[in-house]
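Protein chains: 2
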Amino acid sequence: MKKKAVVLLSGGLDSSTTLFWAKKQGYDCFALVFDYGQRHKKEVRHAVKIAKLIKVPYRILKIALHWEGSSLLNKKMKVPVSRSLKEISTGIPSTYVPGRNIIFLSFAISYAEAIGAGVVLIGANAVDFSGYPDCRPAFYRAFQKVVEEGTKKKRIKILTPLIHKTKAQIVRLAKQLNVPIDLTWSCYQGGKYPCGVCDSCKLRAKGIRESS
Amino acid sequence: MKKKAVVLLSGGLDSSTTLFWAKKQGYDCFALVFDYGQRHKKEVRHAVKIAKLIKVPYRILKIALHWEGSSLLNKKMKVPVSRSLKEISTGIPSTYVPGRNIIFLSFAISYAEAIGAGVVLIGANAVDFSGYPDCRPAFYRAFQKVVEEGTKKKRIKILTPLIHKTKAQIVRLAKQLNVPIDLTWSCYQGGKYPCGVCDSCKLRAKGIRESS
Numbered sequence: 008m009k010k011k012a013v014v015l016l017s018g019g020l021d022s023s024t025t026l027f028w029a030k031k032q033g034y035d036c037f038a039l040v041f042d043y044g045q046r047h048k049k050e051v052r053h054a055v056k057i058a059k060l061i062k063v064p065y066r067i068l069k070i071a072l073h074w075e076g077s078s079l080l081n082k083k084m085k086v087p088v089s090r091s092l093k094e095i096s097t098g099i100p101s102t103y104v105p106g107r108n109i110i111f112l113s114f115a116i117s118y119a120e121a122i123g124a125g126v127v128l129i130g131a132n133a134v135d136f137s138g139y140p141d142c143r144p145a146f147y148r149a150f151q152k153v154v155e156e157g158t159k160k161k162r163i164k165i166l167t168p169l170i171h172k173t174k175a176q177i178v179r180l181a182k183q184l185n186v187p188i189d190l191t192w193s194c195y196q197g198g199k200y201p202c203g204v205c206d207s208c209k210l211r212a213k214g215i216r217e218s219s
Numbered sequence: 008m009k010k011k012a013v014v015l016l017s018g019g020l021d022s023s024t025t026l027f028w029a030k031k032q033g034y035d036c037f038a039l040v041f042d043y044g045q046r047h048k049k050e051v052r053h054a055v056k057i058a059k060l061i062k063v064p065y066r067i068l069k070i071a072l073h074w075e076g077s078s079l080l081n082k083k084m085k086v087p088v089s090r091s092l093k094e095i096s097t098g099i100p101s102t103y104v105p106g107r108n109i110i111f112l113s114f115a116i117s118y119a120e121a122i123g124a125g126v127v128l129i130g131a132n133a134v135d136f137s138g139y140p141d142c143r144p145a146f147y148r149a150f151q152k153v154v155e156e157g158t159k160k161k162r163i164k165i166l167t168p169l170i171h172k173t174k175a176q177i178v179r180l181a182k183q184l185n186v187p188i189d190l191t192w193s194c195y196q197g198g199k200y201p202c203g204v205c206d207s208c209k210l211r212a213k214g215i216r217e218s219s
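Note that the protein sequences, when read in sequence, are chains A and B.
For any residue, its number in the numbering used here is found by taking its place in the first sequence, counting from 1, and adding 7.
For any residue, its number in the numbering used here is found by taking its place in the second sequence, counting from 1, and adding 7.
Next up, chain A with everything else stripped away, as it sits in the complex (with noise of 0.2 Å):
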């Protein structure tokens, strides 16, 4: 029998490539997808077909993180546009939402701890990322932990595949996996196309320049 993972699924490029790559490696995936008050729900559109596509059951779950603060929260705030490669790469954006993905986790690892999965897993990234400090090997380390000391099974393993690639290295890998990368939307506002320059569409830009 296969193993069962739970892997979460925004219809990024990131997290699209992870669910790729954890049916590549054998995996019984079931997809968890949070509408979770962003800007739009062009996202969650997004993820529901890379999951029909790829034949993996998925759950939508709805959370309200009422609380404002962050811009991909707010639709009052501005995200911040036509940054460059260099500004992104440092400090914190306000499109932070504060614990986002520690939130994501939790109930992964309770969805996973239900239905039996021993693994986890989030298309993370510390290398071309925002500076979002839940996105770096040593925060997922410490979650390990939490689930060892909080779970009933305390086996669940956190897998973060990306966590050390390159945008381009990730394109490589996404292309190498048929993954529909025209299908997938990476862009932090909700316009019909990508805007091309929210810090999300300019380090996937750079990615697909340098994967070819």
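No lab work stands behind these hints, which were simulated from the structure alone.
What you were told as hints is all true, and nothing was included just to trick you.
Pairs involving identical chains hold if they fit within one copy or between any two copies, as the list cannot separate such chains.
Derived DSS-like pairs: lysine-lysine, alpha-carbon spacing no greater than 25 Å straight-line:
(1) K49 to K69
(2) K172 to K159
(3) K10 to K160
(4) K48 to K69
(5) K164 to K152
(6) K199 to K182
(7) K49 to K199
(8) K62 to K49
(9) K199 to K56
In this text the structure is predicted, and so the values were computed from the model without any measurement.
Given chain A, work out where chain B should sit, using these hints.
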């Protein structure tokens, strides 16, 4: 200016005592109440009554822990009743909700970071408890490390003032603090009156009995 604190409030004896304790310590308290698909809504109503009584602002977070597997969520399963206190003290019962306190704490940390609170309080107890892994000191120490690694400010402290107390000591503290014990709700079942036979009722009765 008073230091802000987020307090996880379930409406039970332990969390209510924790809230009163935090207020006595001089914290400007913000209560977080979860409506997470538990068998009954009675807990939530009691939490609101407690928060209103002590004039603490509260937020109710609705999170659907869709997955079944715990008798605290799944009405088709039976809550274990009439177990002896010795039985209660061994093993993890079916009322265990996978990773529940991990999820609750994650939201509390996120909320604390959003409102600039330096402290998160949870009424966990590892003496007269039902054996849940996410009630033990080692779990909270591990979570503290997650906060330091995964948040922007890194300084939110998790406090568990009841963790080493017996139920009798908690009841005595509750009395000292003028907690309206009759207004708190600990029973796992949602009847008009507490059932008296579930683990939670038994532990509470033991505490009240031994406190006088």
